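Engineer: Letter by letter, the chains look like this.
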Amino acid sequence: MRRLTWRPAELVEGSAETATARTLRFRVPGWPGHLAGQHVDVRLTAEDGYTAQRSYSMAAPADGDLVELTVETVADGEVSPYLTEELRAGDQVELRGPVGGWFVWRPESKAPVLLVGGGSGIVPLMAMIRERRKAGSRVPFRLLYSVRDPERRYYAEELRRPDPGLDITYLYTRSAPDGVSRPARRIMLDDLAEGGWPATFEPDCYVCGPTGFVEAAADLLLALGHAPERIRTERFGPTGG
Amino acid sequence: MSIISRGFRGKRRDDGGRVPPGQYLVDDFPVLSAGPTPRVPLDRWEFAIDTEAEQTHRWSWQEFMALPSETPTVDIHCVTKWSKLDTSWEGVSLDVLFEDVETAAEYALVYSYGGYTTNLPLEDLLDGKAWIVHRFDGEELEPRHGGPARLIVPHLYFWKSAKWVRGIRLLNEDWPGFWETAGYHNYGDPWREQRYEGD
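Protein chains in written order, with the numbering used here: chain A, 1 to 241; chain B, 1 to 199.
Source of the hints: derived by calculation from the structure; they are not laboratory data. In this text, all values refer to a predicted model and were calculated from it rather than measured experimentally. Virtual Cβ for every residue (Gly too), placed ideally from N, Cα, C. Some hints could be false.
Output of the computed footprint for chain A on chain B, the stretches with three or more beta carbons under 8 Å from beta carbons of chain A [what the hints assert, rightly or not]:
1. 32-40
2. 115-125
Only some residues are given here: those of chain A computed to face chain B with a beta carbon under 10 Å [as the list claims (entries may be wrong)]:
3. L4
4. G77
5. Y82
6. G97
7. P198
8. F201
9. E215
10. R232
11. R235
Just the calculated beta-carbon pair ranges, DEER-fashion [said to hold, decoys possible]:
12. B:G7 - A:P29: 43 to 49 Å
13. B:W191 - A:G90: 44 to 50 Å
14. B:L42 - A:G90: 55 to 61 Å
15. A:E158 - B:T71: 50 to 56 Å
16. B:Q55 - A:E158: 55 to 61 Å
One chain only, chain A, in its complex shape:
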């Protein structure tokens, strides 16, 4: 039986992703590797022994003993403000994982892929995009990425670079940049009909974001005829893990 052990993880580098999110790269000696879409548990221990744990999706595919997370600061949170504001290179936390064998994409998979991300829900989807590129997969990917405004986009520079076979549509919910004809609004049927795949292509659909977003997007995919067993969801909000 495989036992998941807590491993010391040292922050190698941290960089601002947006005004409220930070990407963290940890070195985790003995890390066993992981699949795109899996998550880790992070444990923090105070000097007096008090501990707190949370789960975070990994943002990048396996790369030796490096584990990359992108963490959104939860106002009034217990763990995320420490990770985004306090933790410096050389500091240590503990990590345990990888966890989760359902919301994952494997490079040997041949079905077209639809990724639907809301806000910080982009993180495990980005791991899938990077895994596809790293593996040289030619499986066509489409990403629908719902964000409040352009400043909220994660990985903006990387996603601006051409990546053949990956189509990206941004769905702005509060304010769209100049030149974007779609009015700022929440995700709707047209967005998935135009930016996604027809159900007859039988794509694997991965939907990740806050609960309301995931509920809406998954219902719209069902309405477009996608089979429920091809729609994988991961939901989180400030408190959803």
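The hints should help you fit chain B onto chain A, whose structure is shown.
Structural biologist: For chain B alone, coordinates are given in the frame of chain A:
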């Protein structure tokens, strides 16, 4: 000896010893599930118990609603680390549903509309430990929280409390369910932090 994270203090909240290790308290009610929310019309809803001797006990929605109900108030603990205290439900005790069920099986595989499954020892469903509930906090149970009816087994991690519950299959041998096959612990006791396989 665990690693100290420099400068970490944490936000402590006195929980009166009611929160298992590794958990934190929430006031809202997070939603977690692996796929889209199934919508089950009440005229097509049924709940079934299938015994190891292939006898099936079935209840339609009307029959289920005619059973004596209870209003348990319990603490719940999700493996994703949140706990919620004093949640109030209304539903039917599994003891009532099992009154006329003859079985020597030791294991139960719970199955749901939408295809979800989870397993647990049958004794963890009996003696006042589990309910099929249809109301939360005085309101009809919302589909996103498992409505029209879900199982609650508060003494185990909440993934055992199957949403959109459709039936229970009694088995002589244990049969791992959805998350149990995907690396989560087979039993899931929050007080022993049985989160993942091998814990």
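Engineer: Does each hint fit the structure? Answer for all of them.
Structural biologist: Consistency of the hints with the structure:
1. 32-40: n = 7 at 8 Å, threshold three: holds.
2. 115-125: Result for this restraint: violated, n = 1.
3. L4: 5 Å, holds
4. G77: 8 Å, holds
5. Y82: 5 Å, holds
6. G97: Holds - the Cβ of G97 (chain A) comes within 10 Å of chain B, reaching about 9 Å at its closest.
7. P198: Nearest chain B Cβ about 18 Å off; hint violated.
8. F201: Interface hint status for F201 (chain A): violated (18 Å vs cutoff 10 Å).
9. E215: 6 Å, holds
10. R232: Status holds, d = 6 Å.
11. R235: Hint on R235 (chain A): holds, closest Cβ of chain B at ~6 Å, below 10 Å.
12. B:G7 - A:P29: 43 to 49 Å: 23 Å, violated
13. B:W191 - A:G90: 44 to 50 Å: With Cβ atoms ~36 Å apart, the hint is violated.
14. B:L42 - A:G90: 55 to 61 Å: Holds: the Cβ-Cβ distance is about 59 Å, inside 55 to 61 Å.
15. A:E158 - B:T71: 50 to 56 Å: Holds: the Cβ-Cβ distance is about 53 Å, inside 50 to 56 Å.
16. B:Q55 - A:E158: 55 to 61 Å: Given a distance of about 59 Å, which is inside 55 to 61 Å, the answer is holds.
When the structure is compared with the earlier hints, violations turn up for hints 2, 7, 8, 12 and 13 and for no others.
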